[in-house]
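> Below are the chains, spelled out letter by letter.
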Amino acid sequence: AQSVTQPDIHITVSEGASLELRCNYSYGATPYLFWYVQSPGQGLQLLLKYFSGDTLVQGIKGFEAEFKRSQSSFNLRKPSVHWSDAAEYFCAVGPYNNNDMRFGAGTRLTVKP
Amino acid sequence: EAQVTQNPRYLITVTGKKLTVTCSQNMNHEYMSWYRQDPGLGLRQIYYSMNVEVTDKGDVPEGYKVSRKEKRNFPLILESPSPNQTSLYFCASSARTPSGDTQYFGPGTRLTVL
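If you read the sequences in order, they're chains A and B.
Taking the working numbering, the leading residue of the first sequence gets 788, the next gets one more, and so forth.
Taking the working numbering, the leading residue of the second sequence gets 37, the next gets one more, and so forth.
Possibly wrong hints are sitting among the right ones.
Said to hold, decoys possible - Calculated cross-link-like contacts (lysine to any residue; reagent style SDA-like; alpha-carbon spacing at most 25 Å):
| no. | chain 1 | residue 1 | chain 2 | residue 2 |
| --- | --- | --- | --- | --- |
| 1 | A | 848 | B | 131 |
| 2 | A | 848 | B | 138 |
| 3 | B | 93 | A | 788 |
| 4 | B | 93 | A | 843 |
| 5 | A | 836 | B | 76 |
| 6 | B | 107 | A | 788 |
| 7 | A | 836 | B | 148 |
| 8 | B | 93 | A | 855 |
| 9 | A | 836 | B | 101 |
| 10 | A | 848 | B | 105 |
| 11 | A | 836 | A | 855 |
| 12 | A | 836 | B | 105 |
| 13 | A | 836 | B | 131 |
| 14 | B | 93 | A | 832 |
| 15 | B | 107 | A | 833 |
| 16 | A | 836 | B | 37 |
| 17 | B | 93 | A | 819 |
| 18 | A | 836 | B | 86 |
| 19 | A | 899 | B | 75 |
| 20 | B | 93 | A | 882 |
| 21 | A | 836 | B | 64 |
| 22 | A | 836 | B | 74 |
| 23 | A | 836 | B | 119 |
| 24 | A | 855 | B | 78 |
| 25 | B | 101 | A | 887 |
| 26 | A | 855 | A | 870 |
| 27 | A | 848 | B | 86 |
| 28 | A | 848 | B | 78 |
| 29 | B | 93 | A | 812 |
| 30 | A | 836 | B | 77 |
| 31 | A | 848 | B | 107 |
| 32 | B | 105 | A | 843 |
| 33 | B | 107 | A | 790 |
| 34 | A | 899 | B | 137 |
| 35 | B | 93 | A | 790 |
| 36 | B | 93 | A | 813 |
| 37 | A | 848 | B | 93 |
| 38 | A | 899 | B | 76 |
The set of hints was computed from the structure by calculation and includes no laboratory data.
All chains, please: the whole structure from these sequences, using the hints.
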């Protein structure tokens, strides 16, 4: 069965510092991978997704993620964090065009001034 | 503006009192889902719908019902709520299946069952 692990429950970074949020997945076939962000009191918003092709994916708000099949990872990165990036981030995986989509438990990001 | 709306946003109720959480989308999406979010567990799918009158169970359907009589609406019904259904609930819609397209999420409904 497919599953997603986000090893870090909570991360704190200083504003302007770089960020990397980890995501590891378990899936038997080619995974389709997503990162969503949830701001306080809001629903989830898609940051980026990977279906195929270039393994480095660019998303909104200056985020990017890299698919590494050998490591079963899809880590999210941002070179310089802004205070408005404080939120909870969810990695998700699913077979393409299927209802069976699984979310990780989330990583809460705190940004220090 | 493209959006998914949910009502109510907050609800406190007592065990056994039937309740309905409404969900509506204005994007003409075929697919709609309900998720619950619990600390440490992320989002888990309760039910989904592929189109009008077509619904199916997700990972955690026990204690919930849904209906899809119109394309834009997908209400979640708790016939006899219990305290273990205290959670944050999200409705989502997508033009294609959840893992084949971008899902658009509502703002969430925080439910407390006493």
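> Next step is simple, just say for each hint if it's right about the structure.
These are the hints, each one checked on the structure:
About 23 Å separates the Cα atoms of residue 848 of chain A and residue 131 of chain B, which keeps this hinted pair within 25 Å; it holds. As the CA atoms of residue 848 of chain A and residue 138 of chain B are separated by approximately 16 Å, the hinted pair is consistent with the 25 Å bound. Distance hint between residue 93 of chain B and residue 788 of chain A is fulfilled; the C-alpha atoms sit about 17 Å from each other, no more than 25 Å. Proposed proximity of residue 93 of chain B and residue 843 of chain A is contradicted: the alpha carbons are some 34 Å apart, above 25 Å.
Our distance criterion of 25 Å between C-alpha atoms is met by residue 836 of chain A and residue 76 of chain B, whose separation comes to about 23 Å. Restraint check: the Cα-Cα separation between residue 107 of chain B and residue 788 of chain A comes to about 31 Å, which exceeds 25 Å; the hinted pair is violated. The suggested pairing of residue 836 of chain A with residue 148 of chain B is violated, with an alpha-carbon distance near 33 Å, which exceeds 25 Å. Of the supplied pair hints, the one linking residue 93 of chain B and residue 855 of chain A is violated, its CA atoms being roughly 32 Å apart against a limit of 25 Å.
A hinted pair counts as satisfied when its Cα atoms are at most 25 Å apart, and residue 836 of chain A with residue 101 of chain B does not qualify at roughly 31 Å. A threshold of 25 Å between alpha carbons decides the hint, and for residue 848 of chain A with residue 105 of chain B the separation of about 37 Å lies outside it, so the pair is violated. For the hint pairing residue 836 of chain A with residue 855 of chain A, the CA-to-CA distance comes to about 14 Å; that is within 25 Å, so the pair holds. Restraint check: the Cα-Cα separation between residue 836 of chain A and residue 105 of chain B comes to about 31 Å, which exceeds 25 Å; the hinted pair is violated.
Proposed proximity of residue 836 of chain A and residue 131 of chain B is supported: the alpha carbons are some 15 Å apart, at most 25 Å. Our distance criterion of 25 Å between C-alpha atoms is met by residue 93 of chain B and residue 832 of chain A, whose separation comes to about 24 Å. Between residue 107 of chain B and residue 833 of chain A the alpha-carbon distance is near 23 Å, which keeps this suggested pair within the 25 Å criterion. Of the pairs offered as hints, the one joining residue 836 of chain A and residue 37 of chain B holds, with about 23 Å between alpha carbons and a cut-off of 25 Å not exceeded.
For a cut-off of 25 Å, the pair hint linking residue 93 of chain B to residue 819 of chain A stands: about 21 Å separates their Cα positions. This hinted pair checks out: residue 836 of chain A and residue 86 of chain B have alpha carbons roughly 21 Å apart, not beyond 25 Å. For the given pair, residue 899 of chain A sits about 23 Å from residue 75 of chain B by alpha-carbon distance, which is consistent with the 25 Å threshold. Taken as a hint, the residue 93 of chain B and residue 882 of chain A pair is honoured in the structure, with Cα atoms around 17 Å apart against an allowance of 25 Å.
The hinted pair formed by residue 836 of chain A and residue 64 of chain B meets the criterion: a straight-line CA distance of about 22 Å does not exceed 25 Å. The straight-line distance between the Cα atoms of residue 836 of chain A and residue 74 of chain B is roughly 23 Å, inside the 25 Å bound, and the hint therefore holds. With a C-alpha separation of about 35 Å, the suggested pair residue 836 of chain A and residue 119 of chain B falls outside the 25 Å cut-off, and the hint is violated. Simply put, residue 855 of chain A and residue 78 of chain B have alpha-carbon atoms about 23 Å apart, close enough for the 25 Å limit, and the pair holds.
For the given pair, residue 101 of chain B sits about 19 Å from residue 887 of chain A by alpha-carbon distance, which is consistent with the 25 Å threshold. A C-alpha spacing of about 29 Å is found between residue 855 of chain A and residue 870 of chain A, which places the hinted pair above 25 Å, so the restraint is violated. In summary, the hint linking residue 848 of chain A to residue 86 of chain B is not supported, as the alpha carbons are separated by about 31 Å, beyond the 25 Å threshold. Using a Cα cut-off of 25 Å, the hinted pair residue 848 of chain A and residue 78 of chain B holds, with the two alpha carbons roughly 22 Å apart.
Taking the CA atoms of residue 93 of chain B and residue 812 of chain A, the gap is near 23 Å; set against the 25 Å cutoff, the hint holds. At roughly 21 Å between alpha-carbon atoms, residue 836 of chain A and residue 77 of chain B fall within 25 Å of each other, so this suggested pair holds. At most 25 Å may separate the alpha-carbon atoms for a hinted pair to count; residue 848 of chain A and residue 107 of chain B exceed this at roughly 32 Å. Note on residue 105 of chain B and residue 843 of chain A: the hinted pairing is violated, with a Cα-Cα distance of about 41 Å set against a maximum of 25 Å.
As the CA atoms of residue 107 of chain B and residue 790 of chain A are separated by approximately 30 Å, the hinted pair breaks the 25 Å bound. Proximity of residue 899 of chain A to residue 137 of chain B is assessed by CA-CA distance (about 34 Å); at most 25 Å being required, the pair is judged violated. Straight-line distance between C-alpha atoms of residue 93 of chain B and residue 790 of chain A comes to about 18 Å, which keeps the hinted pair within the 25 Å bound. About 22 Å separates the Cα atoms of residue 93 of chain B and residue 813 of chain A, which keeps this hinted pair within 25 Å; it holds.
Using a Cα cut-off of 25 Å, the hinted pair residue 848 of chain A and residue 93 of chain B is violated, with the two alpha carbons roughly 34 Å apart. For the hint linking residue 899 of chain A to residue 76 of chain B, the alpha-carbon distance of about 23 Å falls within 25 Å, and the restraint holds.
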